[in-house]
Amino acid sequence: MSERNKLYKIHVVDLSTCIGCETCQEVCSFINNDKAFIKVYRVHGGIPVPLNCRHCEKAACIEVCPTLAIYRDDSGAVLINPARCIGCKLCIMACPFGIPEMDPVDKVVVKCDLCSLRRSNGLSPACFALCPSAAILYGPPEEVLKFAQARAAERIARAKVLGELELGLKSWLL
Amino acid sequence: MASITKRLWYLRKAIEVGTVTKKYPFETTEPPEGSRGKPIIDFTKCIGCGACANVCTPQAIKFLDLEEYKRLELFYGRCIFCGMCQEACPVEAIKLTKDFELATTDLKDLYVILELKSAICKECKKYFTTKRITLKVNEDIKDIIEETEYIELCPECRRKQSSLKLVNWRALG
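Those protein sequence lines, which keep their order, are chains A and B.
If you read the first sequence in my numbering, its first letter stands for residue 1, the second for the next number, and so on.
If you read the second sequence in my numbering, its first letter stands for residue 1001, the second for the next number, and so on.
Chain A with its partners taken away, still in its complex shape (with noise of 0.2 Å):
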């Protein structure tokens, strides 16, 4: 995308404050009919990584559909038509992130939209609506870049606080 409208908006995962407690798999699941397309995978024994479609700038997805089934909308989030998919896989074996997933029932590949039809009716994507730890972040590219570098200067003066405190209860200690 060259030029990004005023619609265009982000959908990012902050690592360091995603706790792992599988709620937005669960409320994914609750929505699409038990299927999650968010699902928290663990790596190095334990740390929480949610992983759903990246949205991508250069989708693969788009470029490898043969029917153009795949395409972007207005907020930048990559949709499947599921009236022109006619199940042939080459998204999936295109993505390089292995996101999408074939439908046994209706035979069609199906994958993150972002919450299209919550996002119709004015709400936002459910996963960033219930994140309890405030891990998803989701709105135009500006203002979630703001949020992360607020938080992460607070991090630092939180660390900053508590270092002292520590030095200081040693000092008094020893």
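Rather than coming from a laboratory, the hints here were simulated on the basis of the structure.
Some clues are possibly wrong.
Unchecked claim - Straight-line Cα separation of at most 27 Å, DSS-like style, residue types lysine-lysine; simulated pairs:
#1 A/LYS107 x B/LYS1062
#2 B/LYS1117 x B/LYS1045
#3 A/LYS39 x B/LYS1126
#4 B/LYS1122 x A/LYS58
#5 B/LYS1142 x B/LYS1045
#6 B/LYS1165 x A/LYS111
#7 B/LYS1062 x B/LYS1126
#8 B/LYS1117 x A/LYS107
#9 B/LYS1108 x B/LYS1045
#10 A/LYS58 x B/LYS1062
To be verified - To give a feel for the contact side, a few chain A residues facing chain B, derived at Cβ under 10 Å:
#11 LEU90
#12 MET93
#13 PRO100
#14 PHE147
#15 ARG151
What you are looking at is a predicted structure, and each value in this text was computed from that prediction instead of being measured.
Backbone N, C-alpha and C define an ideal beta-carbon position, used for all residues, glycine too.
On the provided structure of chain A, position chain B as indicated by the hints.
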């Protein structure tokens, strides 16, 4: 009187036009434009995606996963010449012909079987798709993505590896 003149008129007409019927099985006729007959598969083009098997209404085309091979079975006995497979095929490998005469004394003549080699995942050593699909995808995306080594991994391994990468990037940054 009127009936006799009418009959004579028919007789004259029949002599003028001559014979119109053909001795069909011995004399072949060209089917009209737009008529549909049995579909044929171009073996060199087929990538084994299974889209034709998904849309096939009478299930004449079956797509079987035989670990080492992916097998495409086309049985003309069930085919209704609807042309859905031709519409669905992403590489235009399957096409309808005008050939509709399928009578045979051997049922095996009505089967077309195509076997395509499966690709192996580098990480978990499982078969996941045909080699031709990986080649086609690699060809399609090399303009927009530089590193295309991930194509040799199965989707599940890709997820695991990308989540591992995300954590490692976080640790570095």
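Now the hints, each set against the structure:
| no. | hint | verdict |
| --- | --- | --- |
| 1 | A/LYS107 x B/LYS1062 | holds, 14 Å |
| 2 | B/LYS1117 x B/LYS1045 | holds, 14 Å |
| 3 | A/LYS39 x B/LYS1126 | holds, 22 Å |
| 4 | B/LYS1122 x A/LYS58 | holds, 25 Å |
| 5 | B/LYS1142 x B/LYS1045 | holds, 20 Å |
| 6 | B/LYS1165 x A/LYS111 | holds, 21 Å |
| 7 | B/LYS1062 x B/LYS1126 | holds, 22 Å |
| 8 | B/LYS1117 x A/LYS107 | holds, 23 Å |
| 9 | B/LYS1108 x B/LYS1045 | holds, 24 Å |
| 10 | A/LYS58 x B/LYS1062 | violated, 35 Å |
| 11 | LEU90 | holds, 6 Å |
| 12 | MET93 | holds, 5 Å |
| 13 | PRO100 | holds, 8 Å |
| 14 | PHE147 | violated, 17 Å |
| 15 | ARG151 | violated, 14 Å |
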